[in-house]
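Colleague: If you want the building blocks of each chain, they are given just below.
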Amino acid sequence: MTMKVGSRQVDGVTIVDCSGRITLGEGSVILRDMVRDLLSKGNKKIVLNLGEVNYIDSSGIGELVSAFTTTKNQGGELKLLNLTKKVNDLLQITKLYTVFDVKDDEATAVKSFK
Amino acid sequence: MAMTEQRVSYTLDSSLETIDCAEEKATRIATELGFAEDEVMQISMAVREGAVNAVLHGNGYAPDKKVILAFEHTGGNLVITICDQGKGMDLSRIPNPLAPENLLKTSGRGIFLMRSFMDVVEIRPSQTGTELKLIKHVHGPTADGKEASQ
Numbered sequence: 000m001t002m003k004v005g006s007r008q009v010d011g012v013t014i015v016d017c018s019g020r021i022t023l024g025e026g027s028v029i030l031r032d033m034v035r036d037l038l039s040k041g042n043k044k045i046v047l048n049l050g051e052v053n054y055i056d057s058s059g060i061g062e063l064v065s066a067f068t069t070t071k072n073q074g075g076e077l078k079l080l081n082l083t084k085k086v087n088d089l090l091q092i093t094k095l096y097t098v099f100d101v102k103d104d105e106a107t108a109v110k111s112f113k
Numbered sequence: 000m001a002m003t004e005q006r007v008s009y010t011l012d013s014s015l016e017t018i019d020c021a022e023e024k025a026t027r028i029a030t031e032l033g034f035a036e037d038e039v040m041q042i043s044m045a046v047r048e049g050a051v052n053a054v055l056h057g058n059g060y061a062p063d064k065k066v067i068l069a070f071e072h073t074g075g076n077l078v079i080t081i082c083d084q085g086k087g088m089d090l091s092r093i094p095n096p097l098a099p100e101n102l103l104k105t106s107g108r109g110i111f112l113m114r115s116f117m118d119v120v121e122i123r124p125s126q127t128g129t130e131l132k133l134i135k136h137v138h139g140p141t142a143d144g145k146e147a148s149q
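One line per chain: the protein sequences are A and B, in this order.
At position 92 of the first sequence (counting the first as 1) the number is 91 in numbering that gives the first Met the number 0, and the numbers step up by one without a gap.
At position 94 of the second sequence (counting the first as 1) the number is 93 in numbering that gives the first Met the number 0, and the numbers step up by one without a gap.
Quick caveat, the hints were computed from the structure, so don't treat them as lab data.
Idealized CB from N, CA, C, for every residue including glycine.
Watch out, some of these pointers could steer you wrong.
[Said to hold, decoys possible] Stretch by stretch, here's where chain B covers chain A in the computed footprint (C-beta under 8 Å, at least three residues):
#: 1; region: 47–60
#: 2; region: 64–72
#: 3; region: 92–99
[To be verified] Computed from the model, here is a short list of chain B residues facing chain A with C-beta under 10 Å:
#: 4; residue: Leu15
#: 5; residue: Lys24
#: 6; residue: Glu31
#: 7; residue: Gly33
#: 8; residue: Met40
#: 9; residue: Met44
#: 10; residue: Arg47
#: 11; residue: Leu55
#: 12; residue: Ile93
#: 13; residue: Pro99
#: 14; residue: Leu102
#: 15; residue: Leu103
#: 16; residue: Ser106
#: 17; residue: Gly107
#: 18; residue: Leu112
#: 19; residue: Ser115
Kindly generate the complete structure, drawing on both the sequences and the hints.
Modeller: This is the structure we're talking about:
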């Protein structure tokens, strides 16, 4: 299953709904392009909803890190929402769980932005 | 790989398709050998990461260079070998991705993930290519219903 992304606005926060696989190649590029496009349009409060992401490889992990740092460097914030067990486990073993702000429900994620 | 066979190998191009192909073959073979669902995921991801390294960092997508992928069911082990035809790699230069200064790097986690998911990971670089060996012990009943010996 290839990756699909779609964005929507909730109280000034951009929710990016992701589904499929974030892997080397198309999946990583789609996510990268989406985040860069949002930032270029001034959307700096971003939540990546990964609830429908069923697979992610090291390149996909790198893309999440890239999205996080790119957003932060432009004065924004990027948070993760609804991690599947597989993605959660990967972030735990790579210690990235300590880096990302991870939320379990959308309302809490939206309210958490300053 | 049919379970009656003990070893099968594939010669693959240095392309993105090879990476998906390697992952799919690993998933199928690990499933046929009776690995649990989470172990199948670990094996397929380790093979995917190995294939990424072979295609990108080893062969550099070169069309004249191949990736050799082999699966062997021997004793109580699934042994997977991935060979590229690149210039080898300097293992001493692989950073620890868990070090605080490396946490926000966007690459360098592939070998770490392989080591996290497999029982044995051996990397043998040379000037004519790198050989990666991944081993996973078969814990459950094999496809023919016999307990695998350890």
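Colleague: Take the hints in turn and mark each one as holding or not.
Modeller: Checked hints:
no., hint, in the structure
1, 47–60, "holds (count 4)"
2, 64–72, "holds (count 4)"
3, 92–99, "holds (count 6)"
4, Leu15, "holds, 5 Å"
5, Lys24, "violated, 16 Å"
6, Glu31, "violated, 20 Å"
7, Gly33, "violated, 21 Å"
8, Met40, "holds, 7 Å"
9, Met44, "holds, 7 Å"
10, Arg47, "holds, 6 Å"
11, Leu55, "holds, 8 Å"
12, Ile93, "violated, 13 Å"
13, Pro99, "holds, 9 Å"
14, Leu102, "holds, 6 Å"
15, Leu103, "holds, 6 Å"
16, Ser106, "holds, 5 Å"
17, Gly107, "holds, 8 Å"
18, Leu112, "holds, 6 Å"
19, Ser115, "holds, 5 Å"
When each numbered hint is compared with the structure, violations occur for hints 5, 6, 7, 12.
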